[in-house]
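Asks: Residues per chain, in single letters:
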Amino acid sequence: MEMNSRKEKKRDEIVDLCEPISGNDNSFIKIPLTKISHELRTPLTSIIGFAEMLLDDPAIKEKSQLEYLQIIRDEGRRLDKLIEAIINSSTKYEDK
Amino acid sequence: MANELIYIVDDEPAILMMLELWIGKRWGYRVEVFDSGKPFLERLTEPPDLALLDLMLPDISGVELLKEIKKQYPDVPVIILSAQGSVEVAIETLKLGAADYFNKPIDWPKLEIAIKNCLRLASLSRELEHLRESVDNRLLFDNIISQSGEMQEVFKLVNRIKDNDICVLLLGESGTGKELIARAIHHNSNRSSGPFVVVNCASIPHDLLESELFGHEKGAFTGAIQRRIGKFEQAMGGTIFLDEIGELDPSLQAKILRVIQEKQFSRVGGNETITTNARLISATNRNLLEEVKNKNFREDLYFRLSTFPIVLPPLRQRRTDIVILVEHFLSKFGLENGKTKLKFSRKTLDLLYNYPWPGNVRELENVIQRAVVLADSDVISEKELPMPIQLYSSADIADEHHSMFSKGDAILPFEKIKENAIRHALKVTESNIAEAAKKLKLGRATLNRLMQKYKIKI
Numbered sequence: 009m010e011m012n013s014r015k016e017k018k019r020d021e022i023v024d025l026c027e028p029i030s031g032n033d034n035s036f037i038k039i040p041l042t043k044i045s046h047e048l049r050t051p052l053t054s055i056i057g058f059a060e061m062l063l064d065d066p067a068i069k070e071k072s073q074l075e076y077l078q079i080i081r082d083e084g085r086r087l088d089k090l091i092e093a094i095i096n097s098s099t100k101y102e103d104k
Numbered sequence: 052m053a054n055e056l057i058y059i060v061d062d063e064p065a066i067l068m069m070l071e072l073w074i075g076k077r078w079g080y081r082v083e084v085f086d087s088g089k090p091f092l093e094r095l096t097e098p099p100d101l102a103l104l105d106l107m108l109p110d111i112s113g114v115e116l117l118k119e120i121k122k123q124y125p126d127v128p129v130i131i132l133s134a135q136g137s138v139e140v141a142i143e144t145l146k147l148g149a150a151d152y153f154n155k156p157i158d159w160p161k162l163e164i165a166i167k168n169c170l171r172l173a174s175l176s177r178e179l180e181h182l183r184e185s186v187d188n189r190l191l192f193d194n195i196i197s198q199s200g201e202m203q204e205v206f207k208l209v210n211r212i213k214d215n216d217i218c219v220l221l222l223g224e225s226g227t228g229k230e231l232i233a234r235a236i237h238h239n240s241n242r243s244s245g246p247f248v249v250v251n252c253a254s255i256p257h258d259l260l261e262s263e264l265f266g267h268e269k270g271a272f273t274g275a276i277q278r279r280i281g282k283f284e285q286a287m288g289g290t291i292f293l294d295e296i297g298e299l300d301p302s303l304q305a306k307i308l309r310v311i312q313e314k315q316f317s318r319v320g321g322n323e324t325i326t327t328n329a330r331l332i333s334a335t336n337r338n339l340l341e342e343v344k345n346k347n348f349r350e351d352l353y354f355r356l357s358t359f360p361i362v363l364p365p366l367r368q369r370r371t372d373i374v375i376l377v378e379h380f381l382s383k384f385g386l387e388n389g390k391t392k393l394k395f396s397r398k399t400l401d402l403l404y405n406y407p408w409p410g411n412v413r414e415l416e417n418v419i420q421r422a423v424v425l426a427d428s429d430v431i432s433e434k435e436l437p438m439p440i441q442l443y444s445s446a447d448i449a450d451e452h453h454s455m456f457s458k459g460d461a462i463l464p465f466e467k468i469k470e471n472a473i474r475h476a477l478k479v480t481e482s483n484i485a486e487a488a489k490k491l492k493l494g495r496a497t498l499n500r501l502m503q504k505y506k507i508k509i
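Read top to bottom, the protein sequences are chains A and B.
Using this note's numbering, you'd call the opening residue of the first sequence number 9 and step up by one each time.
Using this note's numbering, you'd call the opening residue of the second sequence number 52 and step up by one each time.
I should point out that these hints are in silico values taken from the structure, not numbers from a laboratory.
Even glycine gets a Cβ: it sits at the ideal position worked out from N, Cα and C.
Certain hints may be false.
[Said to hold, decoys possible] Over the 12 Å line for every Cβ pair with chain A, so calculated as not near, a few chain B residues: (1) W73; (2) R77; (3) S133; (4) A134; (5) Q135; (6) S137; (7) K155; (8) K207; (9) D216; (10) P256; (11) Q304; (12) K398; (13) K478.
[What the hints assert, rightly or not] Here are the simulated DSS-like pairs of lysine-lysine, each with C-alpha atoms no more than 27 Å apart in a straight line: (14) B/K118 with A/K71; (15) A/K69 with B/K76; (16) A/K43 with B/K146; (17) A/K43 with B/K161; (18) B/K76 with A/K43.
[To be verified] Non-contacting residues of chain B with respect to chain A, defined by C-beta distances greater than 12 Å in every case (computed): (19) K121; (20) W159; (21) E178; (22) V248; (23) I276.
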């Protein structure tokens, strides 16, 4: 699985999600809550899923362990960026 | 190890990889993964046992994929995985036929149970469908026990014409189950709620048959003290089965022809024209075409009756059925006679298997009934079989054929061979001269003359 292209793609999606927020005044309320939920839960799903996999099976090969941990880290960062973007835009909204 | 095939669609590479690991590697299912809707739809030519769909996909939405699966394969269970967390979406997908809905992050133990349950339910419903089909088949041919290919062909034909009002002519030797097939046609047709009326044309005296078939008015003939409804009227909305139709005399043949062509008849001694909608099934063990050639049977009626002929093979041509019929009758009569542990000895079974059964299933049924009644131990020996079967064996027949033409190296005189042929024919036909003459391709008079010549007495 191509992790680099995955990261690139997700970074774009975060920007996509934030664009309407940083646009005109009315756009914030137009973002469906389900979309925010989807974007937050998608990386969470991978983080929890791979963590559980590691906890569940101590016999996983070292190479796989490393791969899973990298995914957890990457998805965690993705989540962090997303939260940051949401907070930034909502601060902008409140400022306005 | 589970072997079911599961298709998984999710556009998130990490989640797809994780699902593949959990479901494929951990739980042992065969897994195929797709990162968008299009390749998944292309792969749908081969249906999976279960599909796991993400809702938000880049090309086609999960809801659309769900609709497409349900359209093509309504029985394939679909589990929806979504990070949207919206109750409305969950309800919508369930309404569209999804078997379950899971929010991300995924609760793995719950997902495992859900997959197991869905697959179990799908396999149960397939099993139910299968059972339902076999029950339908059993209903369809109730009382007809057969596994032979020839009879399966007959069943297929019956299935094809059951709801059609086409005239069916059942051809077959006595005891092959012509009436059972006629009943099967009726009971499985859209007329099954109507009456099924049987008339055996051979068992009713010729002069009474007309009134039996069409009814009579009061005073139509001596003894007609009141109006009587005939079989064709009784069979309104149902089926009338004319057995031994080859026995009809010419005047009745004309009347039957009118019923078939115009659906009309009159009672004996009556003026009123009655219209009938009864479906006609007829049967005979005679060679009707031969009867037509000999001017004993109307050609036009023959063609009308035989619009759809079904030939029932004699038992000796489907020997595999002998075994299951023997078992069936043994348990049937064993139960009736309180002898449930009965078995046939090996030799008895061999005799039953090799006997040519000129009386077909009916004869076999009678022989087994007799054997069950006579049996005084749990094993039925050959002594409980009628003499002709006890004395019959295929080896005898082979010898007989051999000795019919020669004795060792000595060559038999031609006259002796002719005599042997006649004796053999009479034995096989149980001394039925007409039948023996037919099989020998001789005139009946010629056979009689030859029998006198060779001093053969029966």
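Asks: Each hint should be assessed against the structure and marked as holding or not.
Replies: Outcome of the hint check:
1. W73: The claim breaks: B/W73 does not keep its Cβ more than 12 Å from every Cβ of chain A (closest is about 7 Å).
2. R77: violated, 8 Å
3. S133: Given a closest Cβ separation of 8 Å, the condition is violated.
4. A134: violated, 4 Å
5. Q135: Check fails; 4 Å does not lie beyond 12 Å.
6. S137: Non-interface label on B/S137 violated, nearest chain A Cβ at 5 Å vs cutoff 12 Å.
7. K155: violated, 4 Å
8. K207: Its Cβ never comes within 12 Å of chain A, the nearest being 53 Å, so this holds.
9. D216: The claim stands: B/D216 keeps its Cβ more than 12 Å from every Cβ of chain A (closest is about 60 Å).
10. P256: Nearest chain A Cβ is 87 Å from B/P256, so the label holds.
11. Q304: Given that every Cβ of chain A is farther than 12 Å from that of B/Q304, nearest at about 81 Å, it holds.
12. K398: holds, 65 Å
13. K478: Holds, because the least Cβ-Cβ distance between B/K478 and chain A comes to about 81 Å, which exceeds 12 Å.
14. B/K118 with A/K71: violated, 40 Å
15. A/K69 with B/K76: holds, 14 Å
16. A/K43 with B/K146: Given pair A/K43, B/K146 holds - Cα atoms ~22 Å apart, limit 27 Å.
17. A/K43 with B/K161: Holds - the C-alpha atoms of B/K161 and A/K43 are around 25 Å apart, at most 27 Å.
18. B/K76 with A/K43: Violated - the C-alpha atoms of A/K43 and B/K76 are around 31 Å apart, more than 27 Å.
19. K121: holds, 23 Å
20. W159: Label violated. Min Cβ-Cβ 6 Å, cutoff 12 Å.
21. E178: holds, 34 Å
22. V248: B/V248 is indeed farther than 12 Å from all Cβ atoms of chain A, at 69 Å.
23. I276: holds, 88 Å
Violation of the numbered hints given earlier is confined to hints 1, 2, 3, 4, 5, 6, 7, 14, 18 and 20; the remaining hints are satisfied by the structure.
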